[in-house]
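Chain A is fixed; fit chain B onto it per the hints.
Protein chains: 2
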Amino acid sequence: MSKPSIPKGTRDFGPRAMARRQWVCSTIRGVFERHGFLPVETPSFENLKTLTGKYGEEGDKLIFRILNNGDYLSKANPEALISKDSKLLTPTISKKALRYDLTVPFARFVVMHRNELTLPFRRYQIQPVWRGDRPGKGRYQEFTQCDADIIGSTSSLCELDLVQVFSEALDSLGVPGYTILINDRRILAAVALSMGVGADRLTDWTVAVDKYDKVGVDGVVKELEVRGFEVDVAKGIQKLFEINSASNSLDVLSNIGSVIANNSEGMQGVSDMRALLSRASADGIEAPKIKFDAMLARGLDYYTGAIFEVRVADSPVGSICGGGRYDDLTGIFGWSGMSGVGISFGVDRIEDVLTHFNKFPETLDLTTDVLVTYMNEKNCDVELQLVSQLRSLGLAVEMYPDPVKLKKQMKYAGDREIPFVVLIGDEERTAGKVTLKNMSDGSQQLLLMNDVFGSINLQ
Amino acid sequence: MSKPSIPKGTRDFGPRAMARRQWVCSTIRGVFERHGFLPVETPSFENLKTLTGKYGEEGDKLIFRILNNGDYLSKANPEALISKDSKLLTPTISKKALRYDLTVPFARFVVMHRNELTLPFRRYQIQPVWRGDRPGKGRYQEFTQCDADIIGSTSSLCELDLVQVFSEALDSLGVPGYTILINDRRILAAVALSMGVGADRLTDWTVAVDKYDKVGVDGVVKELEVRGFEVDVAKGIQKLFEINSASNSLDVLSNIGSVIANNSEGMQGVSDMRALLSRASADGIEAPKIKFDAMLARGLDYYTGAIFEVRVADSPVGSICGGGRYDDLTGIFGWSGMSGVGISFGVDRIEDVLTHFNKFPETLDLTTDVLVTYMNEKNCDVELQLVSQLRSLGLAVEMYPDPVKLKKQMKYAGDREIPFVVLIGDEERTAGKVTLKNMSDGSQQLLLMNDVFGSINLQ
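In order, the protein sequences belong to chains A and B.
For the first sequence, this note's numbering assigns the number 1 to the initial residue and increments by one for each residue that follows.
For the second sequence, this note's numbering assigns the number 1 to the initial residue and increments by one for each residue that follows.
In isolation and in its complexed conformation, chain A is listed as follows (with noise of 0.2 angstroms):
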């Protein structure tokens, strides 16, 4: 048998992991229960048509397919088997994927579950997603998001509730250096028409400047150029870059107001972003957690109004939340004119931020109370009835489950940091009492047993 292994992009999490990933996902999670937000669930795959066709044709090919069980190919296309041609092949032996993010069957959910909602309604979802991507510093081919999204209301107070999770959760969590960049898609969109580009063409210039995160300026202008673009753009885009240099936000809204001054949609942007930050400030989220970013572009296709990214100044990883406005996700599945918000916290990243600054709080992992040594191998009546008695009072017990040398029991104390022992020697069994170790300093003291539950001090 060959060594045992997972998959590429996958990873197993030991207790300690897992105590500092419960403890991201709990305090998210508080946060946006502290906002109203609901919990809901999808299923981890969805028909194979619910998600294609829904984040662009990179997306699509990342999406994980399910290949029908049983004798899936007596129904697969004969002439797609000849012609070894996968593509034609896939949808006539895979039915189900994997989902690729929470927001595409949440929209799904919304349409299915419309009459059961109350709008606006405010959901959070906490469940991993799967992506076929190459696996890297901070890329996971499985990787747990926290979204919450408000559908039914247009009011840009969503968006401030929004960032105002945004800047509670990360507190929480202690997460330093990070930014909250915002922007409109109303507002790129006005400054591409200033520039030339339209709308035909907004979606292939929007996807270039949202590379502006990774290559810079230039970059950008390159993309442009590979795309087609007029060398107008190519200026456009310096002098964006150029106006977004100014160190306050009010200052770049203010320039890019004056480029896009005719632009009614585009004003109504610069004055909800305005609106935004002002009312941000008003609950003390200000410079530099949150910023206007005349460059953030965002690569999802449904955003259409304000756009979100978290990143963390000097981290190993890329952002570690996003989200925007969408007026109409659930067209896709047939019910129009449904305007929501939302954001999506990643969790892998956020723990690979804090593990990188070591921000994690020391007290997380999670041990074991009181361990209950086994030293008598004819009786161990007694301290199996300590052992459920002291599990009752709340403390988390175990008894050692053989009765090996004392030794070992202790060394299993120390490794596991079992911060109390209690021994039963013969001792001890004939006076009716029990040694109770501090394993924290050594100290030991002879006890009643019904005295043992107050003397253990758990900090």
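You may find that some hints are simply not true.
20 angstroms max Cα-Cα, derived DMTMM-like pairs, lysine to aspartate or glutamate [said to hold, decoys possible]: (1) K75(A) to D85(B); (2) K3(B) to E116(A); (3) K411(B) to E116(A); (4) K378(B) to D272(A); (5) K49(B) to D12(A); (6) K75(A) to D218(B); (7) K87(B) to D71(A); (8) K3(B) to D328(A); (9) K84(B) to D71(A); (10) K84(B) to D85(A); (11) K75(B) to D85(A); (12) K87(A) to D71(B); (13) K411(A) to E116(B); (14) K61(B) to D71(A); (15) K84(B) to E79(A); (16) K3(A) to E116(B); (17) K291(A) to D314(A); (18) K95(A) to D12(B); (19) K95(B) to D314(A); (20) K49(A) to D12(B); (21) K95(A) to E79(B); (22) K8(A) to D71(B); (23) K8(B) to D71(A); (24) K378(A) to E79(B); (25) K75(B) to E79(A); (26) K408(A) to E79(B); (27) K378(B) to D283(A); (28) K95(A) to E142(B).
Bear in mind the hints are in silico, worked out from the structure with no lab data behind them.
Relative to chain A, chain B alone:
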């Protein structure tokens, strides 16, 4: 666009179902943690070879395979394509599969991480698993298991520990009329031998006996005939059934003991079962909560000692928990002789049972504590300030995002069952006060902003 749907055997969970499921999982997790179990998670998909050949022929067919990404046909077996042989083709177009249970991935985990583990190692794992089973009552294609295993000890105290976990968790959940059925594979083997069934046919015999729960004793006899066992074996089963009908577990064990008296392995099983019943009884776990069941067999092949199953009287689903001891689970991954014992709670079936008997606590549904209304379109600074203040005090607070008619906002609060609503009309605003409305009794108070928190009395 056709109506969206989800794959058969899968479900969406809305807020009400989520509240129930979160409560079930956190209750079980609490018991696991009080017993010193540490959390572990493994990837949703494993390399195919990790999973295949572990669950028997029937089980293998139910494993969901993931199609390789990209142009997977380029590496497909050409012979299999021509002959349309699904079985032959699969390993050449699919390298990964969704986990079928948590036990085999855990065995793989233990072998891969053996140098990091302190033995005995107590782990818990709460994750979904997937099986391509025909959906039915209590049978889903995606369902959640809560597993606890102790490895690295052969002590029967481990079995006691897990029986206590069953009992504490099921009592905390308020599962009505449950019985923890226990048996031992060593007893089963000795009984089979006493009927003339050799070691080579033991699995076959066990699979037949395992159907007793569903088909009764006559069904088992028929099943044995179909499988080619001799008449003596059928007679033996009839006798075993009679012995098993005694109302007292200890009587059943005595009578079994006289049948297999000359089989030392079997008698060790009898003695361990006696000790387990006696120690459980000392801890208050007695009939009908626990019962020795000589007809309990469990389908899985890897059990070698104690086996467990929990059933609920008059319930709509089969067993809700299972488990057992395995002497060499990690041997399949190249590390022999690591004995362990584990149990598994089926979250979905527990949910079904509690729903069926209407036993979920009524207070579970999550909701927002306070809704702050949005009445003055021009200015909502005071409202926003109040919202942040109440949240910072730990309350779950929402502000209605749109300045629509008050009636609509109140209807939202009613539909969502939000217990308190804050109103700030022109009058209140002028007076620097707010109105707090208690939605359960309709009473209202005019309060200073700072007095709101103290006046919110949540049950």
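Taken at face value, is the distance from the CA of E142(B) to the CA of K95(A) at most 20 angstroms?
-> Holds: K95(A) and E142(B) sit about 16 angstroms apart, inside 20 angstroms.
Does E79(B) lie within 20 angstroms of K408(A) when you go C-alpha to C-alpha?
-> violated (58 angstroms)
Sort out whether D12(A) lies within 20 angstroms of K49(B), counting only the CA atoms.
-> holds (17 angstroms)
Are the Cα positions of K75(A) and D218(B) separated by 20 angstroms at most?
-> Answer violated: K75(A) to D218(B) is near 40 angstroms, above 20 angstroms.
Holds or violated: are the alpha carbons of K95(A) and E79(B) at most 20 angstroms from each other?
-> Distance of about 24 angstroms is beyond 20 angstroms: violated.
Starting from K3(B), check that the Cα of E116(A) is at most 20 angstroms away, please.
-> Judged against 20 angstroms, a Cα distance of about 17 angstroms means the pair holds.
Does the structure keep K95(A) and D12(B) at a Cα separation of 20 angstroms or less?
-> holds (18 angstroms)
Straight-line alpha-carbon gap K411(B) to E116(A), limit 20 angstroms = Holds. K411(B) to E116(A) sits at ~15 angstroms (cutoff 20 angstroms).
Given the hinted pair K291(A) and D314(A), is their alpha-carbon gap at most 20 angstroms?
-> Judged against 20 angstroms, a Cα distance of about 17 angstroms means the pair holds.
CA of K84(B) to CA of E79(A), is that 20 angstroms or under?
-> Holds, at roughly 12 angstroms.
20 angstroms Cα cutoff - pair K3(A), E116(B) = holds (17 angstroms)
Are the Cα positions of K84(B) and D71(A) separated by 20 angstroms at most?
-> Since the Cα atoms of K84(B) and D71(A) sit roughly 9 angstroms apart, the hinted pair holds (cutoff 20 angstroms).
The structure does not agree with the numbered hints 6, 19, 21, 24 and 26 stated previously, though it agrees with the rest.
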